[in-house]
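*Asks:* The numbers in my numbering rise by one with no breaks, and the one at position 40 of the sequence shown is 40.
Hints may be right or wrong, so weigh each one.
As the list claims (entries may be wrong) - Label pairs and their in silico Cβ distance ranges:
id: 1; residue 1: N22; residue 2: V48; range: 29 to 37 Å
id: 2; residue 1: I45; residue 2: N22; range: 21 to 29 Å
id: 3; residue 1: S7; residue 2: V48; range: 18 to 26 Å
id: 4; residue 1: V48; residue 2: V23; range: 32 to 40 Å
id: 5; residue 1: P47; residue 2: N22; range: 27 to 35 Å
Hints in this document: simulated from the structure, not taken from any laboratory.
Beta carbons are placed, not taken as given, at the ideal position from N, Cα and C, and that holds for glycine.
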Amino acid sequence: MKIYLLSLGAGLLVGVIYSLVNVRSPAPPVVALVGLLGILLGEQIIPVG
Numbered sequence: 001m002k003i004y005l006l007s008l009g010a011g012l013l014v015g016v017i018y019s020l021v022n023v024r025s026p027a028p029p030v031v032a033l034v035g036l037l038g039i040l041l042g043e044q045i046i047p048v049g
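Work the whole structure out from these sequences, hints included.
*Replies:* Here it is, written out as structure tokens:
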């Protein structure tokens with residue numbers, strides 16, 4: 001869980017820096033992120049190994 005929080009914190013920090021520098025984020029649209037979340041949840045439903 002710690003690695004997820006570190007990743008989230010790094011992403012938030014980069015987002016703030018992009019905002020301060022007035023650079024548009026190269027992040028995919030929200031629809032793509034929801035799809036990735038679905039993939040992650042699907043992988044967690046059936047544990048392998």
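*Asks:* Within 18 to 26 Å: is that where the Cβ-Cβ distance between S7 and V48 falls?
*Replies:* With a Cβ separation near 22 Å, S7 and V48 satisfy 18 to 26 Å, so the hint holds.
*Asks:* Please test the hint of 29 to 37 Å on the beta carbon pair from N22 and V48.
*Replies:* violated (44 Å)
*Asks:* Note whether the CB distance of P47 and N22 lies within 27 to 35 Å or breaks it.
*Replies:* violated (44 Å)
*Asks:* Measuring from beta carbon to beta carbon, are I45 and N22 in 21 to 29 Å?
*Replies:* At 41 Å between Cβs, range violated.
*Asks:* Is 32 to 40 Å right for how far apart the beta carbons of V48 and V23 are?
*Replies:* holds (39 Å)
Comparing the model with each numbered hint stated earlier shows that hints 1, 2, 5 do not hold.
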